Amino acid sequence: MRADLGCLLLCCSVFAAAAAEPARPIPLKSGIEFASEDIRKLQADDFANPGMLWVVRGEKLWSEAAGERAKSCASCHGEAAASMKGVAVRYPRVDAGTARLVNLEGRINLCRTRNQGAPPFEYESDELLALAAYLAYQSRGLVLAVAPDAQSRRRFERGRDLYHTRIGQMNLSCAHCHDRNWGKQLGPETITQGHGNAYPAYRLEWQRLGSLARRIRSCFYGVRAAMPPYGAAELLDLELYIAWRGSGLALEAPGVRR
Amino acid sequence: MRPARRRFVSIVASAAALPWLAGRGAEAAAEALAPLIAKITGGAPVREGRVRLEIPRLADNGHSVPLRVVVDSPMTAYDHVLSITLLSERNPRPLMATFHLGPKCGRPEVATRVRLNGTQRVIAIARLSDGTYWSGTAEVEVTESACLDAT
Amino acid sequence: MLARVQLPRAARRGEAIEIRIAIQHPMETGFRFDLMGRPIPKNVVHTLVARYNGEEIFRAEMGSGIAANPYLRFYALAEASGEITFEWVDDAGNRGAERAAISVTG
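Those sequence lines, one after another, are chains A, B and C. With my numbering, letter number 94 in the first sequence gets 94, and the count goes up by one each step, no holes. With my numbering, letter number 20 in the second sequence gets 20, and the count goes up by one each step, no holes. With my numbering, letter number 84 in the third sequence gets 84, and the count goes up by one each step, no holes.
Since the hints were derived computationally from the structure, they do not count as laboratory data. This structure is a prediction, so every number in the text was calculated from the model and none was measured. Built from N, CA and C at the ideal position, the CB exists for glycine as well. Treat the hints with care, as some may be off.
[Claimed, not checked] Computed from the model, here is a short list of chain C residues facing chain B with C-beta under 10 Å:
(1) 18
(2) 27
(3) 30
(4) 55
(5) 57
(6) 60
(7) 61
(8) 73
(9) 75
(10) 77
Can you make the complete structure from the sequences, with help from the hints?
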């Protein structure tokens, strides 16, 4: 396969040194900068961008009562435009109540179970993605601002270590592509810096909106490693590290990617 | 087909088809679709021209390729476009869509996003109110993501 | 079925207005399989009709060659104030509808 061959060639010729010090790529570049004109146009057009269908759905869900307590998100949080602005750029973070690391989707589900008395939404369900996209949309244009604190430090370090660990049959770490070789060609694509600032994003490949966790799982598959299940601690650790690494980039959700 | 297999097939097929495609005329593209086109037009001849099909020369992904069709027509009560049909050379179902227009549209134009099963020619056929059929074709090379995705 | 429609609120008589519609729909091709290997039946939005004050002005007949979350852009001649309605149906018989008002001057 052409893609495999490309990975293999890169693998043999370029990746000599392995261990890498954790650092943000300089300069920070959003994946959209590596995308084609068609994709940039699609993301920039709020009507044509198919991800906006999920945002509109999320807007409806925001004020729909759910669960035993028949409360909606709006019952507690009011207007999302005011209350949710600047929220998404701070995730993943440790939830004070449970002392658990959660991403935006996890936070939505905590609200469901804790405050609404409703079952959590399934991973990658249209409802969960819609609410996550709607919340992220309230912070569109704001810069990611995630830094490890005392509570999340260990998870951050695990994410950083995993990011730099070779995995899968291709024996590649995240850093091999996204730290050391961004900007270079891999088959028909330009390797990006691997940021999460477009997510939840509409990938043409998926033909629907998807989470950053799904995108990271795709990378596991891409290097022929076993994919951690949705909700796995490794995925969250990586999301936290990636969010720190991309802090300074503007949130684009719902972004459009290949 | 599983995604990996489908991609493998499409990559091999598109690599094999490229040099052959490059030297081919629109007539040849239409030839493969001739029976379908004859069915659409009821056997009436289709002339090249008056239809402009805009599609990226290089598409990021076959799942969603933007395209626009503009027909040379004044869109008056007596001279307008009745329909625009989109055909794919290589899709398992070559007939992608038919759009029915009329003088009430005011402008002989439609845009959408299509699925394309690999590098190929796409054909747009317009039926005008005088009973004539016109076509425009465009070649599009469909690329794929570098990394496989089984999520 | 969730959908979005975009057209100008006001136009001058005789002007061709741009109409855009996007529908949230997987446009299942019928060629895919689920995780258990069972074929996923074909289900696409096969027909969409736009009417201007009740009169049909545009109709789309679509197949599996139209991308997921179908998007259409076309035009309508602004003739009188009123309403433009959109109706569509998929292979499973699910129907959707949207409407938008337009005010025409001149």
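Hints and how they fare:
The criterion of a C-beta within 10 Å of any C-beta in chain B is met by residue 18 of chain C, whose closest approach is roughly 8 Å, and the hint holds. With 10 Å as the threshold, the beta carbon of residue 27 of chain C comes within range of chain B, its nearest partner Cβ sitting at about 8 Å, so the hint holds. Look at residue 30 of chain C: its Cβ gets to within about 9 Å of chain B, closer than 10 Å, so that hint holds up. Checking residue 55 of chain C against chain B by beta carbon gives a least distance of about 7 Å; that is within 10 Å, so the hint holds.
Interface hint status for residue 57 of chain C: upheld, as the beta-carbon distance to the closest one in chain B is roughly 4 Å, under 10 Å. Given hint, residue 60 of chain C at the interface with chain B, holds; its Cβ is 5 Å from that chain's nearest Cβ, closer than 10 Å. With a cut of 10 Å, the hint placing residue 61 of chain C at the interface with chain B holds, because the nearest CB-to-CB distance is about 5 Å. Checking residue 73 of chain C against chain B by beta carbon gives a least distance of about 4 Å; that is within 10 Å, so the hint holds.
The criterion of a C-beta within 10 Å of any C-beta in chain B is met by residue 75 of chain C, whose closest approach is roughly 4 Å, and the hint holds. Nearest Cβ of chain B to the Cβ of residue 77 of chain C: about 3 Å, under the 10 Å cut. The hint holds.
When each numbered hint is compared with the structure, no violation occurs for any of them.
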